[in-house]
Amino acid sequence: MFHRLPKLASGMALVLVLAGCSSSSTPSPTAAPTTAAMSGSVVMIPKQINNPYFDVAFKGAQSAAAALGGTLTQVGPSAADATQQIPFIQTATTQGAKAIIVSADDANAIAPALKSAMAAGIKVVGYDSSPAVGAYNVFVNQADTNGIGKGLADMACDEAPSCTGEIAVLSAAQTATNQNAWIAAMQTTLAGSKYAGLKFDGVYYGNDDPTVSTQQTQAMLAAHPDLKVIIAPTTVGIVAAAQVVTSQNLIGKVFVTGLGTPMGMQAFVKSGASPEFALWNVTDLGYLAYAVAVDLVTGQIKGNPGDTFTVPSLNGGQPYTIGADSVVVLGPPFVFNKDNIDQYVKSFGF
Amino acid sequence: MTGDPRPKGGPDALQPSAETSAVAGGTSGGALSRMVGSMSALARLEVFLVLILVFLVWWGVQLSHFFLTGPNFGFSTQAVMEISIMALAMTPIIITGEIDLSVESMVGLSSCVLGWLWASGVPLEAAIPIVLLVGLAGGLFNGLIVTRWGLPSLVVTLATYALFRGLGHVVLGSTVVSNFPAGFTNFGYGYVPGTFVPWTLIVFLLLAAVAVAVIHRTWIGRQIFAVGKNKDAARYSGVQVAALKTALFAVSGLVAAFAGIILTSRTSTASPDNGLNMTLAVVTIVVLGGVDINGGKGTVPGVILAVFILGTLKSALTQAGISTDYQNVAIGLLLIVSVIAPLLARQARQLAGRVRPERGRPARHSAPGEVVH
Amino acid sequence: MALSVPANAPAPNRAGLLLGRLTRSREATLAGVVIVLGFLVWLEAPNFLSSTNLISVTSLTAIIAIAAVGEALVIITKNIDLSVESTMGLVAFVVAEALKGGNMPVPAAWALGIGLGLGLGMANGVVITVFRVPSIVATLGTLSIYRGLTYWVANGQEITISNLPAGYTDPASQTFFGLPFFVILAVAVVIVAGIALRYTVFGRQVYAVGSNAEAAATIGVRARSTVFVVFALSGMLAGVAGVLWGIEFGQLYASSASGESLAVIAAVVVGGVSIAGGSGTVVGAAIGALFLGLINNALVVLNLPQAWLQVVYGAVILLAVATDALVQLRAQRAKARSRLR
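As they're listed, the protein sequences go chains C, P and G. The first sequence lines up with residues 1 to 350 when you count with the working numbering. The second sequence lines up with residues 351 to 723 when you count with the working numbering. The third sequence lines up with residues 724 to 1064 when you count with the working numbering.
Pulled out of the complex, with its shape left as it was, chain C reads as follows (with noise of 0.2 angstroms):
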């Protein structure tokens, strides 16, 4: 029951999917002991449509609607700009969408479309990167941000030798909210005494272009001859500098970490260039978001801080908890290593 973008070869004048106009499905016999089933449609939002990052989240989201019912349709900007996502979110507010779950390119700019949908009816649930405060129900947050701060500073520590060392940090967009606010964690992490000895030497912002990326961590290395460690919390990012890393030789002088996906930096664990990095289950971050999804329009939650819900296949089945904001935690970060990455290739598929 999902939609798969029309080929090329089947021609536009063929295209007479009528996007949820009519809310067909069929309720999933298997229905979860604690989400009812539910019908309607539902529209997904990505940030950018063809990104490999949230194609593996609709998969997820995909495998939860086979589940618990609902159909899937995924639509979306070419680029990572919120004004094209504008007209998808009025789209599916005038076609009776029973929900709609996004990643917003910025928080503000679709919150009046997002706002018009939620006073029709709509549900509306963020998740990977937020709208703004009251522009949705619910905000599916793949990780903690401090957590995530922590996290990056635990791992340019453990690569340091001896936790002693320069380092830098290659970033995505310089107004990236996500990664701002990572970094700034992160900052406040380093702060702290163990983390004394890692000098640090600023902020390289590689666009998500890998283009960009590898330039600006070559100049990185040019500019700080006897930098230790990169820390890119760019999937895109990460494999730029472990590239370069490894066609400059500097295996072994210089390492990489930061956030990467298991398939994409393979390779780069096993040769040293990157022995450690991190990640979230990026599939259970589409399936999460789909179950709060069904869950708000069936009434099973409403949303607010303190409610409790538990989707069976995630979290070990244990419950998850609303924060503040409406906000809900996927879950703690994965980290890669040599010992795992073979294993969650497999596991994760991406």
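Note that these hints are calculated values from the structure, not bench results. Just so it is clear, CB atoms sit at the ideal spot from N, CA and C, and this is done for glycine as well. Hints are all accurate, no fakes.
To spell it out: a stretch of chain P is covered by chain C in this simulated footprint if at least three of its residues, at any positions, have a beta carbon under 8 angstroms from a beta carbon of chain C; those stretches are:
| no. | stretch |
| --- | --- |
| 1 | 411-419 |
| 2 | 425-434 |
| 3 | 527-540 |
| 4 | 612-623 |
| 5 | 665-673 |
Got chain C; can you put chains P and G on it based on the hints?
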């Protein structure tokens, strides 16, 4: 050169292009065919555009029964108003044979300046005129470099495309300003009370009326077409080419700043990334509207039709659940088809004998991108 | 009275003439600026000129330089190719996809990629020469269409280094006699293209079409076939760049190479190729790519605040083109003056 700036000379050099050789002379008889034959080539183009628009509306209705509703009209129109306004200012620039690639970066810069001023406590009544002045200054910068230093506009505006965007980053840094008052954001995001007509559509229609009047009814417009057809001939007839072009670039900058204000209002966000990818959309609208990229020909009504064609196409595809990546493919195809079709039609008419192939065209400088044949 | 050098004219200074000719040569000036720039940056950050940094940086710019050679050919004929980035991205992804299953031998995949680039370039050529669509409009359209094809092929997947044959990205950092492999490739492309432009009939046709197509037509140069070939070549070279892209990054997405068209065009323009057509060299385009790549690196190495990067980049392009125009103007005036003597 006389003191009168209005160029004298034959009608052909000054009127908006008409295929004067397309006058009746066809071998097939009939008053109707003669009447059809006597319409100007561009009137034919506009009919073609209207047909496309009608088809798209019909197709949209097939795709979704929410297509022809008030809300859909409202927000689909809103989504394209910034680029449409910039297309109005881009049209005369392209008619004179130049181009302005920096418009999207001026949108970003003006948004940043507005956000910075607002965050510094400057009231919007004062901030908005300042932002418009910034746009004017940026446009003047483009115009002066193009005319004084004689550099090609493609290259100059390619450089300012980076320069203006960078200045936006310098002004606002990595912060994003979003606490604008509701009165301001209602302009970009709101409708005329009781209807689904966006305020920005009213603005666009007003500006469009001005553009039609200036470009098609005044001596300024005649000069614009003259420069586009033959810059040197225009200069020899008394047109102040440099001043005209500089003014057009200045207006383009001003309009881009205005579009930046509208975008900031609509998204309630001032950010250095505002306006990314808008330039190509603006150029697409202008070309779709029948304006010749090599200069000298085009109409504002054509561009207005193109605005609605683009908005309708995007709306129909969005209603069908197609994401922007494939929407862009459709727009790219439409662009190419819209340029090929009139040429094919003209060749067909040539074969039918209704149009005499143009002979003895006055020599003119071909612009970059033109394959002379 | 016969024209003769006036008695009190200064004797021609050989060194002065050479310097004069050098400064009038766009390419030489640019090369000189690159050297001076490199020296200045080295003073501030010695690591800038270290072999590791230079190898890294020039490998990346070599890819742009190869695409810039193709774009230069197009611009010399007074056209433009905006679709370069989409051709690069599509070829890069298709080649990687072909190698992913491990079914295709590497050279075959590369041949496939370059052939695909050639085909895409020819498609551009058909739209422009057969259907008479102005190149800026045609390639604006194919920019989106080719990118759409990449989305369709990718279908949301990315290809990572683990999917590619072992050691696939090694050539990006290999050197022969101290020169990075990619740089050697780029130099080879530039030499072949440069010789073709300067010493063959085809090359003269390219310049003729660009400077005055009507006049060229009167002496039998067929503009349309020349333009078609030029776009085919531009597509093919973009295909080569796409293949190298995959080797350089090892990580491919549907959006690979997005935004590179403007970088390529900027390189060509900075390298002295006039957008009005009819002049410029592929050597200049390659040096332009090198120049801009080094600027990108230098600005960050010098710890310039990130916010200023784009401002300086834009200012540099403007200055480069403006000094070019100034130098040309001075050369014209000097020539006019020397004729009057």
